[in-house]
Every structure is written in structure tokens, then in C-alpha cells.
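> Letter by letter, the chains look like this.
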Amino acid sequence: MKAGGPERTAGPGGPGGRDRAGRAPRRARGQDAARFALMALPVAFFAVFFAYPVAAIVSRGLHGDGGWQLGRIWDVATRSDIRHVLWFTTWQALASTALTLLVALPGAYVFARFDFRGKQVLRAVVTVPFVLPTVVVGTAFLALVGRGGLLDELWGVRLDTTVWAILLAHVFFNYAVVVRTVGGLWSQLDPRQEEAARMLGASRLAAWRRVTLPALGPAVAAAALMVFLFTFTSFGVVQILGGPTFSTLEVEIYRQTSEIFDLTTAAVLTIVQFVAVGAILAVHAATVRRRETALRLVAPDTTARRPRGAGQWALLGGVLVSIAVLLVLPLAVLVQRSFDAPGLGYYRALADDDGGVFLVAPIEAVGNSLEYALAATAIAVLIGGLAAAALTRRAGRLMRGFDALLMLPLGVSAVTVGFGFLIALDEPPLDLRASWILVPLAQALVGVPFVVRTMLPVLRAVDGRLREAAAVLGASPWRVWREVDLPMVRRALLIAAGFAFAVSLGEFGATVFIARPDNPTLPVAVARLLGRAGDLNYGQAMALSTILMVVCAVALLLLERVRTDRTGEF
Amino acid sequence: MITNTGSRRLAVTAVGLGLIALPALSACSSSEASGSGESKTVTLVSHDSFVVSKSVLKDFEKQSGYKVRVLKDGDAGQAVNKAILTKDNPQGDVFFGVDNTLLSRALDNGLFQPYEAKGADLVLPEYRIDQDKHRVTPIDSGDICVNYDKAYFSEHKLKPPQSFDDLAEPAYKNLLVTENAATSSPGLGFLLGSAAHYGDKGWEDYWKKLKANGVKVVDGWEQAYNEEFSGSAGGKKAKADRPLVVSYASSPPAEVIYADPKPSTAPTGVATGTCFRQVEYAGLLSHAGNAKGGKALLDFMLSKEFQDDMPLSMFVYPVREAAQVPPEFTRYGPPAKDPETLAPAKIAADRDQWVKSWTSLVLK
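First to last, the sequence lines map onto chains A and B.
Taking the numbering used here, the leading residue of the first sequence gets 2, the next gets one more, and so forth.
Taking the numbering used here, the leading residue of the second sequence gets 2, the next gets one more, and so forth.
FYI, nobody ran anything at the bench for these hints, they're computed from the structure.
Be aware that one or more of the hints could be misleading.
Chain B side only, calculated, beta carbon under 8 Å to chain A, not exhaustive [claimed, not checked]:
no. : residue
1   : N181
2   : E228
3   : D353
Positions of the beta carbon are idealized from the N, C-alpha and C atoms, including for glycine.
Can you make the complete structure from the sequences, with help from the hints?
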């Protein structure tokens with residue numbers, strides 16, 4: 002749509018492949034114009050709803066007493082409590098990553114190489130935690146290791162004031178990241194390569210070390226970096242399980258803003274986190290590039306076989322037990338706790354608006370959350386789709402810069418974004434303070450990077466010659482896109498929308514600031530209920546979390562069925 | 002990130018959820034307009050501890066014609082900060098629950114607009130404040146003091162602590178639970194009490210000793226009193242194990258009044274040498290959507306009916322002349338004779354720095 006006008010200047014012929022562009026400068030210029038037109042909306046969106054609010058809040062923190070207080074950056078960064086937060090953020094992320102790899106790599110192997118009954122269902126089960134909002138994960142672990150939790154009842158063990166609760170919750174949350182990233186590749190590595198090495202006289206260990214490990218290395222590194230990134234910026238989990246003692250940068254930004262009201266410190270921490278996450282993303286991008294090196298891949302179903310011998314059965318058993326204890330048990334306890342009142346009492350209490358936690362009954366959060374997430378998905382798909390279309394052809398530095406810009410929302414503290422919305426978007430023509438659209442806008446910011454990341458590889462894989470052929474036959478650029486690109490990316494679009502929806506539904510850091518008390522979202526409602534004492538609030542939090550979890554799990558399992566049916570056809 | 006299989010699942014999740022949500026979306030015509038114009042609803046924003054008898058609130062609704070919505074927005078500190086952050090587009094019309102420890106923050110940030118409530122002339126002189134601008138109205142007062150679990154100390158044949166100094170004694174190691182001074186008003190009050198007692202220089206040393214003596218810090222009063230303190234009804238149910246808690250001088254009467262059957266003496270006592278005087282204020286929020294209703298509500302909060310109701314609903318003392326204090330209060334928890342106090346200017350100047358130092362010292 003946006004492309005319509007400017008692209009007409011390209012004249013007949015339309016966009017050609019990148020390699021041809023040099024031959025026809027006029028055409029190339031037309032292409033650039035089209036690309037910039039596509040970029041206009043995403044750039045404007047990011048400028049208004051991301052750069053401006055974040056700049057507003059950071060500058061408000063650093064601007065005071067009639068001038069810039071840049072000297073304060075150093076003062077804050079060297080304060081002992083801030084150093085403590087930095088140190089804790091880093092080491093808990095490292096420990097969580099190591100622990101996740103330790104637990105999940107055997108799982109990745111089992112899923113990649115073994116065939117066993119119920120594998121499909123189990124694969125869905127281990128994915129459930131990843132699509133759960135962090136707040137639910139926190140709640141589930143509270144039900145397991147917190148006060149009055151299962152361990153407390155059985156053995157009087159409480160971990161909710163220790164770092165172990167946080168680490169375990171992080172493993173729970175990120176298990177799927179490792180199993181899917183590493184296991185996905187592992188299942189496509191040709192086992193015959195390793196067998197060949199053994200034939201040639203290598204020991205089993207040597208064969209694994211020389212053949213499989215190098216092929217797997219980049220995937221492990223990429224997974225580890227993603228886990229590190231997720232845990233480094235962890236908010237919901239630490240907010241719920243950390244108590245007053247433990248806080249990550251993200252939690253500390255929230256505390257400094259909403260509890261201590263020290264906007265300077267919050268601004269400095271935002272900058273620190275921004276730099277740190279930028280570095281992590283840069284390293285990640287490098288690993289991904291390296292991962293794209295050619296590997297001989299085979300179909301996954303040819304590499305998996307039934308386990309043989311006591312050792313392999315023990316490994317399978319061990320992995321199943323670890324999944325049962327680490328992934329299934331917390332969710333089971335969560336569900337059990339939510340029913341822990343006579344006559345579904347906690348669920349019935351959700352419909353009661355007398356509690357004063359919000360101005361409405363907590364159950365209304367379900368509808369709000371779905372509405373917001375749908376709106377956010379629409380925005381994210383539009384913005385992300387346009388951006389991906391603009392980025393389809395690999396191009397110069399400017400485009401790469403634009404690409405990087407799109408990833409930035411993952412690096413900036415969601416809390417900062419939310420608070421920035423609150424203080425920046427409050428003047429005409431952009432007076433959105435009281436508008437419901439504020440929440441979906443903030444959620445869409447986090448969804449866009451996922452949309453772009455999902456769409457881009459697929460769009461780039463479309464054969465350029467198809468487009469050229471269409472153009473030669475007289476199709477307009479818009480028509481080329483509609484007739485050639487769209488059919489091929491329709492599925493990617495659906496996947497992207499799914500990502501955006503899941504991310505929006507669970508978004509907590511920004512939403513907690515801007516959701517109004519008469520329109521809370523599910524994660525916000527859960528967190529507020531948990532923050533209040535008393536059985537009833539606790540039980541309601543468990544019940545709301547359970548509702549959210551069940552919706553996610555049922556959909557996942559349904560999908561698992563749909564998927565097998567389809568594969569059966571082919 | 003996640004492989005394609007993973008994301009495909011998400012896609013179907015999304016579609017499934019989308020179908021569920023569609024009817025809701027079409028049925029919803031955005032419920033944003035609340036409390037604007039000549040609204041018949043007045044919204045009170047407060048902290049989690051706000052309570053008023055239903056009958057009293059009904060009386061107000063009948064007399065004034067307004068319907069009252071109450072939004073409890075977290076612990077006192079959080080509620081004040083959130084109110085400041087949203088002050089240009091407030092969540093309600095009246096804010097109740099900013100106390101003398103945080104008052105300067107609210108006033109400096111322009112949280113309130115001036116309004117002299119009816120009955121302001123009947124407020125006891127020691128509570129009057131901001132007399133030239135009338136941005137806030139004093140509503141109640143109370144003493145923040147350490148409470149002790151009588152049963153624990155008689156069982157262990159230990160004399161309950163009475164003073165700040167006592168709490169740092171080895172005999173009371175690992176017994177005290179207090180609230181985060183950065184987030185909770187009793188927590189901050191206790192910190193200010195110690196600062197008033199030991200002075201600018203001494204309080205940090207005192208807290209070092211308390212930390213070495215195993216003081217436990219939790220985020221809010223509800224959690225400290227109802228989950229960690231062994232002397233409260235809630236704590237007994239939760240098998241709490243700390244017999245000393247930072248709470249209020251009026252907490253022991255509350256334990257008696259809520260108990261069934263009522264005991265002849267309170268199960269908890271007050272360490273009278275550890276008290277800090279707290280006064281809570283209410284004000285009309287700047288940019289209140291329903292300023293007229295807000296004013297009526299403020300008037301009502303100073304009325305005899307509301308002031309009489311407060312002691313037994315929120316366990317605080319009234320600030321209005323001749324308001325009634327129930328006999329249980331004088332019997333089980335008389336106000337502290339000589340509580341620590343700090344001048345408002347001193348609190349305004351030093352509070353934030355103290356809280357920062359305290360956080361570094363005790364929490365990190």
C-alpha cells in the first residue's frame with residue numbers, strides 16, 4: 002500500500018535482483034525509494050513510541066536543578082548497592098544459563114536422537130513454560146518452594162528467599178529454548194558422519210568431540226546467549242521470587258522508579274542495561290552468522306531411533322524425571338493450589354469486585370489481556386511486516402542500521418518504556434494517557450523484533466527470479482509482492498503473529514506501569530494479587546495463573562494434533 | 002531463538018485465542034471514560050491498609066449522592082509514588098494515605114490541589130500542617146512501634162525488649178522482622194525513629210548492629226505482620242517464627258477485637274521505647290476528574306462519623322477534637338508517652354539519602 006506511489010517511478014521493469022541493480026541505476030534508485038517508503042511507517046512508529054518516550058524518561062532522570070547532571074552517572078554506577086545489583090544480575094544470569102544447559106542438553110539429545118512413545122506430547126509439554134508469562138512462572142515456583150508451598154509442607158523447606166528459587170524458575174522457563182535450538186539442529190545432523198569417524202578408528206568420545214560438537218557448537222552458543230539475555234533482563238520471575246534482597250537491573254529500575262522514586266538512578270541503570278544487552282545481541286548476531294555455515298543436514302525422523310541398552314534407557318529415564326520434577330511439578334502444584342478452597346472458592350472470588358485490588362473483578366483481566374494482545378499483534382504484524390519487506394534485499398549500511406534499530410526494544414528496559422509512555426505521551430496531539438491503545442502499543446514494541454526475525458529469513462528465501470519473471474510479465478511491484486511473496490510467506494506471517502501474540506499476552510514490565518486499574522491485564526492482576534497478604538489473594542493469583550496456563554497448554558496440544566494430521570497427508 | 006516448529010505452535014495458539022477473544026473485542030467499546038465531567042462517582046486512591054465500615058460509606062453515598070470507588074494501590078510508599086507518576090492523569094479524585102514521612106515528596110511534586118476541608122478548624126493543633134495552602138488534610142495518627150509476642154517471651158523466660166538499644170542485644174538475635182524502608186511506611190517510620198533516637202551519625206551503626214543481630218526485612222507490613230510475626234492471628238496460622246515485628250501501638254487492641262472468643266488480655270505487647278509518631282493525610286488530587294465529589298469526600302473524612310469509625314476499622318487515632326477513642330485502645334494499647342518525632346523539614350531534607358544508605362547497608 003505504502004509502496005504504491007513512489008514505486009511507480011521505477012517504471013516498467015520494477016525491482017530486479019540485487020546483482021542486477023548496478024546495471025540499471027534508474028531502477029535501483031526507484032527501488033531505494035520504494036524501500037524507504039516501506040520503512041517510513043516503522044521508523045515513525047519507533048521514533049514516536051520508542052525513542053521519544055525512552056529519551057524523555059532518561060533525560061528527566063539526568064536533568065535536574067537547571068542543568069544536565071551527567072556527573073551523576075558515575076556516582077550512581079559506583080554506588081555499592083548498584084554495584085551489587087550489577088554483580089547479582091550478571092552472576093545469576095551466568096548461573097541460570099549454565100544450569101539450564103546442564104539440565105536441558107541431555108534433554109535436547111534425547112529429543113533429537115531417541116524415539117519413544119509420547120514424544121510429541123512431551124515436546125509440547127516442555128514448550129508450555131516458554132509461552133507462559135513470567136509472572137505465572139514466578140507464581141508456580143512460589144507454590145512449589147514458597148511459604149506454605151509443597152516443599153514447605155512436606156519437609157519444611159523454603160527456597161523463596163534464596164537465589165535457588167530464581168535459578169530453578171529460570172531453568173524451567175528456558176528449558177525449551179535449549180531443547181528447540183540445539184535439539185532441532187542435533188536431530189538433523191547426519192549420525193553417519195560420526196559413525197564414519199568411528200569406523201576410521203576414532204574412539205566414541207573423540208568422534209563426538211571432533212564431529213558432532215563442532216557442528217553443534219554454534220547452536221549451543223546461540224541458545225546459551227538467548228538464555229543469558231532472557232535471564233539477564235529477567236523481571237517478573239525475580240520480582241515475585243526475589244524478595245527485597247535480590248534484584249536484577251530490570252527489577253531495580255522498577256524499584257527505583259516506583260518505590261524509591263529515584264529517577265536519576267533509574268535512568269542510569271537503563272543506560273547500563275542498554276549497553277550490556279546491546280553487547281549480548283551483537284555477540285548473538287555474530288554466532289547466528291557463524292551458524293549459517295553449511296552443514297550436511299538430514300530429515301529429523303531418519304536420525305531418531307528407540308533407545309538401546311541400559312545406558313540409553315537410563316539417560317531417557319533421567320531426562321523424563323528431570324522434566325517431571327522441574328517442569329511438570331511446578332505447574333501441577335500451581336493447579337492444585339488454585340483448587341485448594343472448598344467449592345472452587347478462589348475461582349468464584351475472581352468474579353468479585355469487592356477486593357479493591359482493582360476497580361473491576363479480577364476475572365475481567367482475562368478479556369482485557371486477550372483484547373490488548375490482539376491489538377498489539379495487529380500493530381506488530383503491520384509494523385514488523387513492513388520493516389521485513391523493506392529489509393528483504395540485503396543492502397548497505399543504512400539498512401543494517403535499520404535492522405539493528407528494530408532489535409533495540411529487546412534491549413531497553415520494558416519498565417523504562419512503560420514509564421516513558423506515561424510521562425511522554427501526555428500532550429496533544431499525542432495525548433494518549435487515558436487511551437486503552439497505550440498498552441497494545443507498548444506490547445507491540447516487544448513483538449516487532451520477533452515478527453521481523455521470523456519473516457525476514459522466509460522473505461529472503463523467496464527466489465528473486467520469480468519476482469523478476471512477474472515483473473517482466475508486466476506486474477506492478479505491489480502486485481509482484483501480492484502474487485509472489487505473499488503466498489510464500491503466509492505461513493511465516495501466521496507464525497510471526499503467533500509470536501507477537503504470545504509475547505504481548507505475557508508482557509509485564511511495561512504493562513505494569515500503564516495498565517489502568519479499571520483495565521488490568523492478566524500478568525498485572527496476578528502480580529498485584531500476589532503482593533497482598535492473605536489466603537484469598539494468594540489463591541486468586543493461583544487461579545488466574547492457572548486459567549492463563551490452561552489456555553496456552555490446550556492451544557499447544559491442539560496444534561500438536563493439527564501438525565501430525567498435516568504431516569500425515571504428505 | 003526458537004525453531005520453526007515452536008513458532009508454528011505459537012501461531013496456532015494465537016489463532017485459537019484470537020477466536021476466543023473476538024466476541025469480547027466487538028462487545029467492548031473501551032471503558033476509558035470514568036470520573037470525567039459531572040460524574041456521580043468519586044474515586045478514592047489509597048494504600049492496601051485502607052478500611053472503612055460499609056455503613057459509614059453508605060451514609061456518605063446517601064448524603065452526597067456520590068458513589069464511592071476505592072482503589073487500593075499497594076503499600077503506602079508505592080501508592081504515593083504511583084500517584085505522583087500519574088498525577089497529570091490521576092487514577093482517582095482523592096488520595097488518602099500519604100504520611101508525614103513522605104509528605105514532602107507528595108507536595109514537592111505537586112500531587113495535590115488546595116482545598117480546605119470543612120472541619121479543618123476542629124483538627125487538634127498538633128496535627129495541623131500546610132496552613133497557608135491547605136493542600137493536605139490530616140486524617141489520622143498512630144505510633145509505629147515494635148510489637149512483641151507475649152507467649153514467646155514467657156515461654157522462653159525472656160524479658161521483652163523495651164528500647165531501640167535492647168533490639169541489638171544478643172538475647173534478641175534473629176527475632177525481629179521489619180519492613181523495607183524504601184517501600185513501606187512503618188518500615189520507613191522505624192528507620193526515621195532510629196535516626197531521631199541516634200542522630201545523623203549514630204543510626205547507621207545501630208542498623209549495622211541490628212543486621213548483625215539477624216533482623217529480617219520483608220517488603221510490606223501485611224507480609225511482616227500477618228506472615229512473619231508469631232504473635233498475630235495470621236502469623237499463628239502461617240506458623241510464623243519471628244516474635245518481634247515493627248507494627249503499630251494499636252496492633253494489640255486489634256488482636257483482641259478481632260479474636261473470637263475475646264481474650265482477657267492482648268496476646269501482644271508494645272516495646273514503648275521504640276515508637277515513632279506517624280500522621281496520615283489526604284488531599285484533593287491535581288487534575289481530579291471529579292473535584293466537586295472529591296471535596297465532598299474530604300469533608301466527610303474529617304466528619305465526626307468517619308473519625309469515630311477509623312479507630313476500629315483502621316486502628317489509628319482520630320485527629321478531630323472530641324472524636325471517640327474506643328475503650329479497648331486505652332486498655333490494650335495506649336498511645337506511646339514519648340514517641341520519637343522528626344521535624345517535617347528534617348525528614349524532607351534527609352529522607353531519600355537515609356533510605357539509600359539504609360538500603361545499601363541492610364539489604365545489599
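> Would you list, in rising numerical order, the hints stated earlier that this structure does not obey?
Violated: none.
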